[in-house]
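Student: Read off the chains here:
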Amino acid sequence: MFKSIFSLSLILLFSQCTSIKNENANVTMDESTLVTDGELVLEDGNKLYGFWVGKFEMDFQDEDYPIYEDDEFEYNKKINISIDKIVGERIEGHSVVSGNYRAFSGSIKSDSGRYFVEAREPGDHPNDGIFKFQMNDTMLWGTWTAFDKKDSVRRKYELKRRIFQYDSTVALEEAEYVDYKKTKQEMIVEEDDSFEIPYYATSTQKIYEINASNTFLNEPDVANLKKGDLLIIRNAIYARHGYAFKNKALRRFFDAQDWYIPVNSDITDELSATERHNIELLMAFEKNAEEYYDHFGRF
Amino acid sequence: MRFINLTFNYKQLGKGLFFLFIAYFTYLMWLITIQYIPINLKAAFLQIKQNEIKRLHYQIAFFTHVYTSIFVLILGLFQFSDCIRIRFVKFHRTAGKVYVALVLGLAGPSGLIMGYYANGGWFTQISFCLLAIFWIWFTYLAYKHIRKGQVQKHKNFMLRSYALTLSAISLRLFKWLIVIVFELPPMDTYYIVAWAGWLVNLGIAEIIIFSQLSLLNNAKTKVNI
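Chains as they are written, first to last, in the numbering used here: chain A, 1 to 299; chain B, 300 to 524.
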């Protein structure tokens, strides 16, 4: 009896522990491939200029709901509409949403304290469309419709004016989509590239305690962190600089942070020496955690 | 007609299974070792040892340990076979001498230096330093005893020495089990396996030695009766 249990558990061990490391280990990197705006003309004192930030919500017009192929469903992205230049009745700006930086241009008309804007994106990107919004000194609201009629995607938004300023002391807030009833300590970041194979990266309370922008981290500070924590702590550095995340899970996580404004697609030049050091340290531990944490090889 | 002797020998079967078990994990250790060929100061474990690997003496200790310990592990695998020990005495002696030389001269001292720089502070540093000291000490005693012809004492200390050699495997195996079952954070896991990785092995070795002792005593009493 004992023998058979022993051999059975041996066989189990053999079948499970077959490699020393995770060969598919991959540190989640958010590639910055986007172009930044070259011509930004600001006229001081114009109260419409600047960032207008808020939720980019689905707006259903028809009775038949469109079928979503990705995770747009139930998750409202954060949009940053930037008004960059107004000359006469012509307006130029750009929007940052889903890690995409898209310029737009169109017309602006004023009527009794309100401004009416209609602006189009260039149209050379499959997700380009047309913005129609009104704005005053404090609010910007309206809709966006995709050029592609087949999609019939429409979105609405009510945005508030926000000043973006890098602040190294910003700490993470407990994000709103977290189910705290189920897991008191653990937060779940869903990375659902496919609905059939949901993958959960979990992070703990540590992500609220460790700020990698204003603290010089040493090995003992990060040695006990799991990969989910390491990932969030490192990417919070980018988020503080207003990095527009392309990675869905990270975007979803940081979009839920009130202070977060997606501004830039490349922030590498703006990182402080402390941040650069911490990123390198965290990356080493993330790579190690991905490869060895749940494998036979040494951590 | 000894080869058709079908007597089912549990002890032999257990030993055979254990041999396969250790051989398999020695193979995994081999895979870990070849990650460090050619010498690369950023490979695998060294990713998180960047502060230490800058020091030349740590580099020497680390690569000495990695490149020699694997042979200690492999050599030890054949030393406990009665068949080899009895029929190929010369092999047993030569392999044993290489084992002792590697542990005393290279793998042991380099392990001690690495133990001093272990991750996790004094708690794990003490564990790994003790491990290295006991490893060297037991191996030395085993050698000393066989030179004097004290076979039983030699056996016992070799069992202890090899139990500590196998901590390379048990430490990683325990770590893997803890992570799979409890999902503990990496450093908490490390605190546990730093000590359990060799104490458990040594405990098993002591049990084996003790049971053999009582078996021997029983045999003696039977003879007396």
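Derived from the structure by calculation, the hints contain no laboratory data. Incorrect hints may have been included.
Unchecked claim - Computed list of lysine to aspartate or glutamate pairs in EDC-like fashion (alpha-carbon distance at most 20 Å, straight line):
no. : chain 1 : residue 1 : chain 2 : residue 2
1   : A       : Lys160    : A       : Asp84
2   : A       : Lys132    : A       : Glu219
3   : A       : Lys248    : A       : Asp137
4   : B       : Lys348    : A       : Asp84
5   : B       : Lys341    : A       : Glu174
6   : A       : Lys77     : A       : Glu290
7   : A       : Lys206    : B       : Glu482
8   : B       : Lys348    : A       : Glu280
9   : A       : Lys132    : A       : Asp84
10  : A       : Lys226    : B       : Glu482
11  : B       : Lys341    : A       : Glu23
12  : A       : Lys206    : B       : Asp381
13  : A       : Lys287    : B       : Glu351
14  : A       : Lys287    : B       : Asp487
15  : A       : Lys287    : B       : Glu482
16  : B       : Lys341    : A       : Asp84
17  : A       : Lys55     : A       : Glu174
18  : A       : Lys21     : B       : Glu505
19  : B       : Lys353    : A       : Glu280
20  : B       : Lys348    : A       : Glu173
21  : A       : Lys226    : B       : Asp487
22  : B       : Lys348    : A       : Asp221
23  : A       : Lys47     : A       : Asp128
24  : B       : Lys341    : A       : Glu290
25  : B       : Lys353    : A       : Glu219
What the hints assert, rightly or not - With beta-carbon atoms standing in for the labels, derived distance ranges:
no. : chain 1 : residue 1 : chain 2 : residue 2 : range
26  : A       : Glu23     : B       : Leu319    : 23 to 31 Å
27  : B       : Ser380    : A       : His277    : 32 to 40 Å
28  : B       : Ser513    : A       : Thr215    : 56 to 64 Å
29  : B       : Gln349    : A       : Thr169    : 23 to 31 Å
30  : B       : Gly420    : A       : Ile163    : 42 to 50 Å
31  : A       : Thr169    : B       : Tyr439    : 37 to 45 Å
32  : B       : Leu319    : A       : Thr268    : 49 to 57 Å
33  : A       : Glu209    : B       : Trp329    : 55 to 63 Å
34  : A       : Ala25     : B       : Ile336    : 35 to 43 Å
35  : B       : Ile508    : A       : Thr274    : 50 to 58 Å
What the hints assert, rightly or not - With the Cβ distance kept under 10 Å, some of the chain A side facing chain B (calculated, not the full set):
no. : residue
36  : Lys109
37  : Asp111
38  : Gly113
39  : Glu209
40  : Ile210
Note that this is a predicted model, so its numbers are computed, not measured. Backbone N, C-alpha and C fix where the C-beta goes; we use that ideal spot for every residue, glycine too.
Student: Does each hint hold? Answer for all of them.
Tutor: Hint by hint, here is what the structure shows:
1. A:Lys160 with A:Asp84: It holds: about 16 Å lies between the C-alpha atoms, which stays within 20 Å.
2. A:Lys132 with A:Glu219: violated, 51 Å
3. A:Lys248 with A:Asp137: violated, 32 Å
4. B:Lys348 with A:Asp84: Roughly 48 Å between the alpha carbons, so the hint for lysine 348 of chain B and aspartate 84 of chain A is violated.
5. B:Lys341 with A:Glu174: With Cα atoms ~36 Å apart, lysine 341 of chain B and glutamate 174 of chain A exceed 20 Å; violated.
6. A:Lys77 with A:Glu290: Measuring from Cα to Cα gives roughly 28 Å; hence the hint is violated.
7. A:Lys206 with B:Glu482: Holds - the C-alpha atoms of glutamate 482 of chain B and lysine 206 of chain A are around 16 Å apart, at most 20 Å.
8. B:Lys348 with A:Glu280: holds, 13 Å
9. A:Lys132 with A:Asp84: At roughly 16 Å apart (the allowed maximum being 20 Å), aspartate 84 of chain A and lysine 132 of chain A satisfy the hint.
10. A:Lys226 with B:Glu482: Cα-Cα ~9 Å, so holds.
11. B:Lys341 with A:Glu23: Roughly 17 Å separates the two Cα atoms, so the pair holds.
12. A:Lys206 with B:Asp381: Distance ~54 Å between lysine 206 of chain A and aspartate 381 of chain B Cα, so the pair is violated.
13. A:Lys287 with B:Glu351: Holds: lysine 287 of chain A and glutamate 351 of chain B sit about 18 Å apart, inside 20 Å.
14. A:Lys287 with B:Asp487: holds, 19 Å
15. A:Lys287 with B:Glu482: holds, 18 Å
16. B:Lys341 with A:Asp84: Violated - the C-alpha atoms of aspartate 84 of chain A and lysine 341 of chain B are around 46 Å apart, more than 20 Å.
17. A:Lys55 with A:Glu174: Since the Cα atoms of lysine 55 of chain A and glutamate 174 of chain A sit roughly 18 Å apart, the hinted pair holds (cutoff 20 Å).
18. A:Lys21 with B:Glu505: violated, 33 Å
19. B:Lys353 with A:Glu280: Distance of about 16 Å is within 20 Å: holds.
20. B:Lys348 with A:Glu173: violated, 32 Å
21. A:Lys226 with B:Asp487: Holds. Lysine 226 of chain A to aspartate 487 of chain B sits at ~11 Å (cutoff 20 Å).
22. B:Lys348 with A:Asp221: holds, 14 Å
23. A:Lys47 with A:Asp128: violated, 27 Å
24. B:Lys341 with A:Glu290: Given pair lysine 341 of chain B, glutamate 290 of chain A holds - Cα atoms ~16 Å apart, limit 20 Å.
25. B:Lys353 with A:Glu219: Since the Cα atoms of lysine 353 of chain B and glutamate 219 of chain A sit roughly 15 Å apart, the hinted pair holds (cutoff 20 Å).
26. A:Glu23 with B:Leu319: 23 to 31 Å: With a Cβ separation near 25 Å, glutamate 23 of chain A and leucine 319 of chain B satisfy 23 to 31 Å, so the hint holds.
27. B:Ser380 with A:His277: 32 to 40 Å: violated, 53 Å
28. B:Ser513 with A:Thr215: 56 to 64 Å: holds, 59 Å
29. B:Gln349 with A:Thr169: 23 to 31 Å: holds, 28 Å
30. B:Gly420 with A:Ile163: 42 to 50 Å: holds, 44 Å
31. A:Thr169 with B:Tyr439: 37 to 45 Å: Distance hint for threonine 169 of chain A, tyrosine 439 of chain B is violated at roughly 57 Å.
32. B:Leu319 with A:Thr268: 49 to 57 Å: Given about 52 Å between the Cβ atoms, the range holds.
33. A:Glu209 with B:Trp329: 55 to 63 Å: The hint (55 to 63 Å, Cβ to Cβ) is violated, given that glutamate 209 of chain A and tryptophan 329 of chain B are roughly 41 Å apart.
34. A:Ala25 with B:Ile336: 35 to 43 Å: Cβ of alanine 25 of chain A to Cβ of isoleucine 336 of chain B: about 20 Å, so the range 35 to 43 Å is violated.
35. B:Ile508 with A:Thr274: 50 to 58 Å: holds, 55 Å
36. Lys109: violated, 59 Å
37. Asp111: Cβ of aspartate 111 of chain A sits 60 Å from chain B, so the hint is violated.
38. Gly113: violated, 57 Å
39. Glu209: With a minimum Cβ separation of about 14 Å from chain B (threshold 10 Å), the hint on glutamate 209 of chain A is violated.
40. Ile210: violated, 13 Å
Comparing the model with each numbered hint stated earlier shows that hints 2, 3, 4, 5, 6, 12, 16, 18, 20, 23, 27, 31, 33, 34, 36, 37, 38, 39, 40 do not hold.
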